[in-house]
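> From these two lone chains plus the hints, build me the complex, please.
These protein sequences, in sequence, are chains F and P.
Position one of the first sequence corresponds to residue 1 (this note's numbering), numbered consecutively onward.
Position one of the second sequence corresponds to residue 1 (this note's numbering), numbered consecutively onward.
Hints were generated in silico from the structure; no laboratory data involved.
Heads up, the beta-carbon is just placed ideally off N, CA and C, and yes, glycines get one too.
Mixed in with the good hints, there may be bad ones.
[Stated by the list, open to error] With a straight-line Cα cutoff of 35 Å, these simulated DSBU-like cross-link-like pairs (lysine-lysine) come out:
no. : chain 1 : residue 1 : chain 2 : residue 2
1   : P       : Lys236    : P       : Lys225
2   : F       : Lys8      : P       : Lys330
3   : P       : Lys211    : F       : Lys8
4   : P       : Lys334    : F       : Lys8
5   : P       : Lys211    : P       : Lys334
6   : P       : Lys225    : P       : Lys238
7   : F       : Lys119    : F       : Lys159
8   : F       : Lys63     : P       : Lys225
9   : F       : Lys131    : P       : Lys330
10  : P       : Lys316    : P       : Lys330
11  : P       : Lys205    : P       : Lys238
12  : P       : Lys461    : F       : Lys63
13  : P       : Lys73     : F       : Lys8
14  : F       : Lys8      : P       : Lys238
15  : P       : Lys236    : P       : Lys116
16  : F       : Lys63     : P       : Lys372
17  : P       : Lys518    : P       : Lys3
18  : F       : Lys63     : P       : Lys73
19  : F       : Lys159    : F       : Lys97
20  : F       : Lys8      : F       : Lys131
21  : P       : Lys116    : F       : Lys8
22  : P       : Lys372    : P       : Lys303
23  : P       : Lys334    : P       : Lys205
24  : P       : Lys372    : P       : Lys316
25  : F       : Lys8      : F       : Lys159
26  : P       : Lys316    : P       : Lys408
27  : P       : Lys347    : P       : Lys316
28  : F       : Lys63     : P       : Lys347
29  : P       : Lys225    : F       : Lys159
30  : P       : Lys316    : P       : Lys334
31  : F       : Lys8      : P       : Lys316
32  : P       : Lys3      : F       : Lys131
33  : P       : Lys73     : P       : Lys347
34  : P       : Lys3      : F       : Lys8
[Claimed, not checked] Here chain F is said to cover these stretches of chain P; the calculated rule only asks that three of the stretch's residues, wherever they fall, bring their Cβ under 8 Å from a Cβ of chain F:
no. : stretch
35  : 85-96
36  : 130-136
37  : 310-321
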Amino acid sequence: MRRILTAKVLNTAGVLNRFTGMLSRRQTNIESISVGPTEVEHISRITIVIDVNTLNEVEIVVKQLNRMVDVLRVRDITDLPHLEREVVLIRIHAPAKLRSEIFTIIQPFRASVIDVAEKTITIQSTGTTQKIEALIRSVHPYGIKKLARTGVTGFTREKEGK
Amino acid sequence: MTKKLKLQEAVSGSKLLLDTVQHHGVDTIFGYPGGAVLPLYDAIYSHPINHILTRHEQGALHAAEGYAKRTGKPGVVIVTSGPGATNAITGIADAMGDSVPLIVITGQVGTPGIGKDAFQEADMLGITMPITKYNYQVRDTKDLPRVINEAFHIATTGRKGPVVIDLPKDIQAAVVTEINDPFINLPSYQPHTEPNMWQMNHMFKALSTAKKPLILVGGGVNYAKTSHELIALAEKHKIPVVASLLGLGAMPLNHPLFFGFAGMHGAYAANMALVETDFLLSIGCRFDDRLATNPADFAPNAKIAHIDIDPAEIGKIIHTDYPIVADAKKALTKMLELDFTFANTDKWRAELEDYRALHPLTYNRTEQTEIKPQRVVELVGKITDGEAIIVTDVGQHQMWAAQFYPFKEERQLITSGSLGTMGFGIPAAIGAKLADPAKQVVLFVGDGGFQMTSEELAILKVYGIDIKIIIMNNMSLGMVRQWQENFYENRHSESVFVENLQPDFVMLANAYHMDAVKLDNPLTIEQDLRDFLSHDGAILADIVISPTEHVLPMIPPGNSNSEMLGVE
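Next comes chain P alone, as it looks inside the complex (with noise of 0.2 Å):
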């Protein structure tokens, strides 16, 4: 028999709902109103509760995402039945994608049309469920705060991800005197965090004797905060460090330990030092296609010993010696007191060094007839002073952030890395404006996503959002370009859009109430950023870059991590 609470006064399923949602410390919530959910959007009418109207439900799932990215808070999003909600699973598979804690509150029609084929009836527990770590469909009013809480408490621990809480109309309508037990119920819910200890031991026993040590970091070491334990640990053994996508900004860039950002757009020095490294301590990363390129031939000669908060992901792609479930941040602050002394690492690290010098990322830098994009997001950096945060959406113009940006703390990138989500830029920005005020959010976009999710730019006025947004303008798909170049003897196959009929994207931010400004002259592009990022509000700069260039180096995909193109 379920306990029973009785309430102080009849309350309705809607107000029950945005009450304990307020209850877990959410401020905003996302979302866009519709037939299925009209008594959740009367109750927030009268709530205190700030909602965000996006203009769109996969800008709403964005934002949220962009909000959680940056906060490590929950996201939380009401979209409506249909339609509403389908839009919804871009932003939801993203989320999974990247684990980033969202609450996605679905409308649904009224519990006797679910099933029936009713007006804007979509089943998304179904569609939901690959791509969700757990979705509810609440069928009593009196279930709503156990299944609200326990959706937090899903979302947020563990590996992160989305919850999605379908919800029918009349369940939100039903008002209730008594709830049920509120308190989470899930015994076979018990994600483990903790490492064990005798495993750590013997891991880093032997990662004290290796001559050439090396620490991968993933998203797992953001989203756990513990940037400051990785340097610390770092600078105590002398282990050089290098990042996937996710994992920067967990080292600053100019850190004598860090050599960059890993993967098929890394910098040579992080790529070899994967190649070469003997002992290869990765935490909080998936070894994803897009870093481990050739899984068979990844980090050929080291042992592996993989800390990660997911069993699941421990030996998926890469064989490891030394298996380690638990939170990025408790493993590091165990290692932190482990006591053993380290075998000198001189000489690995100044091979890599040499490697870093040699052979850094680079660019034709005295490039006068054109603008180079590598140079904006390096301006960017200069002037910005590696301060802001900065959002991207898919493509070359987010390699280049990668590679180009001077990051200095955790969570300052924020980029739809997993999925790879084009539209994700705009909204993400929203998000990471609103979770986080007071810092300068930058946006690179490129001109094929900027038009994806075009629609909310509408609301940067409307909310007072000061974002910086920069088209990187290459009237093109500039990535399926660059491969059809290297893959598909340039057969530009619907990639590069029709010269002279691009929209005027000036007059489009005109159009949404901002400013905005075409940046084309190479010979002023310092000035003309500096004027732009010191901009009183939120602006646009429609910047014209070389419609010609790579994203160097590149391993092509399927080959081994020293196999890199481009390497000067």
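The shape of chain F in the complex, shown without the other chains (with noise of 0.2 Å):
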């Protein structure tokens, strides 16, 4: 199962080795990683989509890396109200002829064409999981000469009247 975590952690040399150190030794697959500063000095937050089979399994990974020196907290968001948005980045091929009817599926993915070349454009989009491989999907039959995603990042939602 797909459970997404965050976690905030020192920014200090090494620190994202550790973090994924642990989640080999414990064979976990890791779907996708990001990280990035945070509002605070020196604190970074990792994003972390991995696949297991258990809930258990995921509590253990979550206690392990809770218990790690350089990390602040760890939590499983996946069942908390939280938002999360990934980008990607595709080239496709595409002939002057067919650029009218791609501009035309990938309109409602909102989705903007950023380069422009002879054969090629090379569309940028933003969301959840899920909306971006319906946007690989609706594109695909066109031919996708590069594709790059960065992997999700997100954080719970603020409760309401807070």
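Okay, structure coming up:
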């Protein structure tokens, strides 16, 4: 099952290595991982999507990550109201006569064209993993030349009335 | 902006390191010099701190572990870069497995050479990441005091463990007149040691109503030095107690409420107690597969309460009904304050006492033609009156020592539990003796493990270390042989040494300027052991034991605790 974890960690040398080392030792498959600075200096946020077989497995992973010296807090936010987004860049084979058709197809995804060349266009989109995958499926028939995804980042929604 | 502190005089990183280490109450360092730690060793030359030069880096590590396991204080080790550091790996992993506090300072090539495959360079941060509680590489001499303070704090708090400080040569040599703020700055490291009282009350109430309550103790109880509270709690409510290998000593073997060593080679009563209990309170024990041989069927009739200082241990192997994250001593102290009327356990204890009386740990006591290893342990127990510090290597002799030595006090058994490191014994015995010179130290070691770290015999005379070494010599790797005989149809693949071509261990010991005897007469063994143990100074006994003996009982791996082989 897919679980999304978020972690706040000290931004020290090797912290990502320690973090992923723990997961690889447990043979936990990482589907995506993204890291970046937060609003607090020296603290980074890691968003990680893993595939596990049982809830017990993810519980142990969270505990083992939490006890690491550089880790402030790890949470499994899958079942909490949360926001998650990823960015995808896709270079599509797009001869001039097909371009307007492609534009029509990507429009509902609110994807934007960020580069145009003689035989290709490059589009960008932001969304949940499901939306990104739907977009990729939609443009796949035209021929994808290059594809880059950032992996998911996110956090929990603020509670109402707060 | 980091706060700076001016120093009274200019000092080198090396002296700064030694002064800070000494400030933490460390009197002895174990180590081995080399190119990348020359500046550090130059500072040791004129420093009051005591340094023990082992003959191999692995020896330095296990000696530091023996020291730490006996005292609870961190063992401090210095090794050089590259091969010196990689030789330390086994000891670091051993300490990680058994939660032993160590500070391991590994030399590193100078900062300009790091990452460029310099001579004797190894990526120690990368290599030790999964086998340390934490590791550092110091990149600024001014950070050294803080890094060392943090390393001591991390190694000795929460669940203890090894911390590696990788120290480039130029950082050791640099001279500074000021340092960065030396106070620990670990906002994300806050080990939880106080039990949650609501949860504790809840658990204790359930325990009080149990008809067949049982306390299982592990290494955490020994490490927390809380034997006194454990015994008081068991006595107050008449609760039987069993122990894992590392929990031995927490309760005296002859205590009426103690039902012994549980697990793969444990006592019948201890394993049956685990099978039949209806409420298991585990303290500082992590349900290793040598104890919980079949996790799915472990303590099948019981509600499980698990007290552990490491939250990641709770629920890792065994489903837990009452999880409590706490230091064992704090938890036991709180439990002693709680007032609940407990259910009567007379019938339950009588049942366990029957098991203990009917199926004690035993062996063929009437054997006259060969020396039984169990008899050697029993006799050593009798002659030392259960007062010696017992150090073991790993294998059959380790299990016999665990089964038959009458342990009386906490931290009395020093053994490699989790990693099961052959070669641990000799250096660990050295470390234990240096830590507690007033106590007699007896080492049990097999003829296999002995040959892995026998080079450390060289330092016994040098430092006047009085340990009694007993080689349980069965001319084989006995535990491997036992498994081959049980599970591989007697195919002794590479487990039996060539007869008459084993080294002469007596001559070897003599070569290291120590006394030694060969004991092979079952009829005189008691007197021979008396003479041996009363010898003045270090001595080795090469004891020729039965080459076919098995450690029994035995739960085959994966079977339940009730499925013991070899119970009479």
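> Please go over all the hints and tell whether each is borne out by the structure.
These are the hints, each one checked on the structure:
A C-alpha spacing of about 19 Å is found between Lys236/P and Lys225/P, which places the hinted pair at or below 35 Å, so the restraint holds. Of the pairs offered as hints, the one joining Lys8/F and Lys330/P holds, with about 30 Å between alpha carbons and a cut-off of 35 Å not exceeded. This hinted pair does not check out: Lys211/P and Lys8/F have alpha carbons roughly 46 Å apart, beyond 35 Å. A threshold of 35 Å between alpha carbons decides the hint, and for Lys334/P with Lys8/F the separation of about 33 Å falls inside it, so the pair holds.
At most 35 Å may separate the alpha-carbon atoms for a hinted pair to count; Lys211/P and Lys334/P meet this at roughly 22 Å. A C-alpha spacing of about 21 Å is found between Lys225/P and Lys238/P, which places the hinted pair at or below 35 Å, so the restraint holds. Restraint check for Lys119/F and Lys159/F: not satisfied, since their Cα atoms lie roughly 48 Å apart, outside the 35 Å limit. Taking the CA atoms of Lys63/F and Lys225/P, the gap is about 26 Å. The hint holds against a cut of 35 Å.
At roughly 52 Å between alpha-carbon atoms, Lys131/F and Lys330/P are farther apart than 35 Å, so this suggested pair is violated. In summary, the hint linking Lys316/P to Lys330/P is supported, as the alpha carbons are separated by about 22 Å, within the 35 Å threshold. For the proposed pair Lys205/P and Lys238/P, the alpha carbon gap of about 15 Å is at most 35 Å, so the pair holds. Under the criterion of a C-alpha separation no larger than 35 Å, the hint pairing Lys461/P with Lys63/F is inconsistent with the structure, at around 48 Å.
For the hint linking Lys73/P to Lys8/F, the alpha-carbon distance of about 32 Å falls within 35 Å, and the restraint holds. For a cut-off of 35 Å, the pair hint linking Lys8/F to Lys238/P is broken: about 46 Å separates their Cα positions. As the CA atoms of Lys236/P and Lys116/P are separated by approximately 64 Å, the hinted pair breaks the 35 Å bound. With a CA separation close to 46 Å, the supplied pair Lys63/F and Lys372/P exceeds the 35 Å bound.
Proximity of Lys518/P to Lys3/P is assessed by CA-CA distance (about 64 Å); at most 35 Å being required, the pair is judged violated. Proximity of Lys63/F to Lys73/P is assessed by CA-CA distance (about 27 Å); at most 35 Å being required, the pair is judged to hold. Annotation: proposed proximity of Lys159/F to Lys97/F is violated, straight-line Cα distance about 49 Å (limit 35 Å). Proximity of Lys8/F to Lys131/F is assessed by CA-CA distance (about 26 Å); at most 35 Å being required, the pair is judged to hold.
Restraint check for Lys116/P and Lys8/F: the C-alpha separation of about 32 Å stays at or below 35 Å, so the hint holds. Pair hint Lys372/P plus Lys303/P does not hold up; C-alpha atoms about 40 Å apart against a cutoff of 35 Å. Between Lys334/P and Lys205/P the CA atoms are separated by roughly 13 Å; this keeps the pair inside 35 Å, and the hint holds. The straight-line distance between the Cα atoms of Lys372/P and Lys316/P is roughly 39 Å, outside the 35 Å bound, and the hint therefore fails.
This hinted pair checks out: Lys8/F and Lys159/F have alpha carbons roughly 20 Å apart, not beyond 35 Å. As the CA atoms of Lys316/P and Lys408/P are separated by approximately 31 Å, the hinted pair is consistent with the 35 Å bound. Between Lys347/P and Lys316/P, the direct Cα distance comes to roughly 33 Å. Compliance with the 35 Å bound is thereby established for this hinted pair. Our distance criterion of 35 Å between C-alpha atoms is broken by Lys63/F and Lys347/P, whose separation comes to about 40 Å.
With a C-alpha separation of about 45 Å, the suggested pair Lys225/P and Lys159/F falls outside the 35 Å cut-off, and the hint is violated. Only pairs whose Cα atoms come within 35 Å are accepted, and Lys316/P paired with Lys334/P is accepted, the gap being roughly 25 Å. For a cut-off of 35 Å, the pair hint linking Lys8/F to Lys316/P stands: about 23 Å separates their Cα positions. Under the criterion of a C-alpha separation no larger than 35 Å, the hint pairing Lys3/P with Lys131/F is inconsistent with the structure, at around 49 Å.
A distance of roughly 42 Å separates the Cα atoms of Lys73/P and Lys347/P; the hinted pair therefore is violated under the 35 Å criterion. This hinted pair checks out: Lys3/P and Lys8/F have alpha carbons roughly 25 Å apart, not beyond 35 Å. Given a C-beta distance limit of less than 8 Å, the hint that chain F covers the stretch 85-96 of chain P is violated, as 0 residues qualify and 3 are needed. Three residues within the 8 Å Cβ limit are the bar, and the stretch 130-136 of chain P against chain F gives 3, so the coverage statement holds.
With a cut-off of 8 Å between beta carbons, the stretch 310-321 of chain P has 6 residues touching chain F; three or more are needed, and the interface restraint holds.
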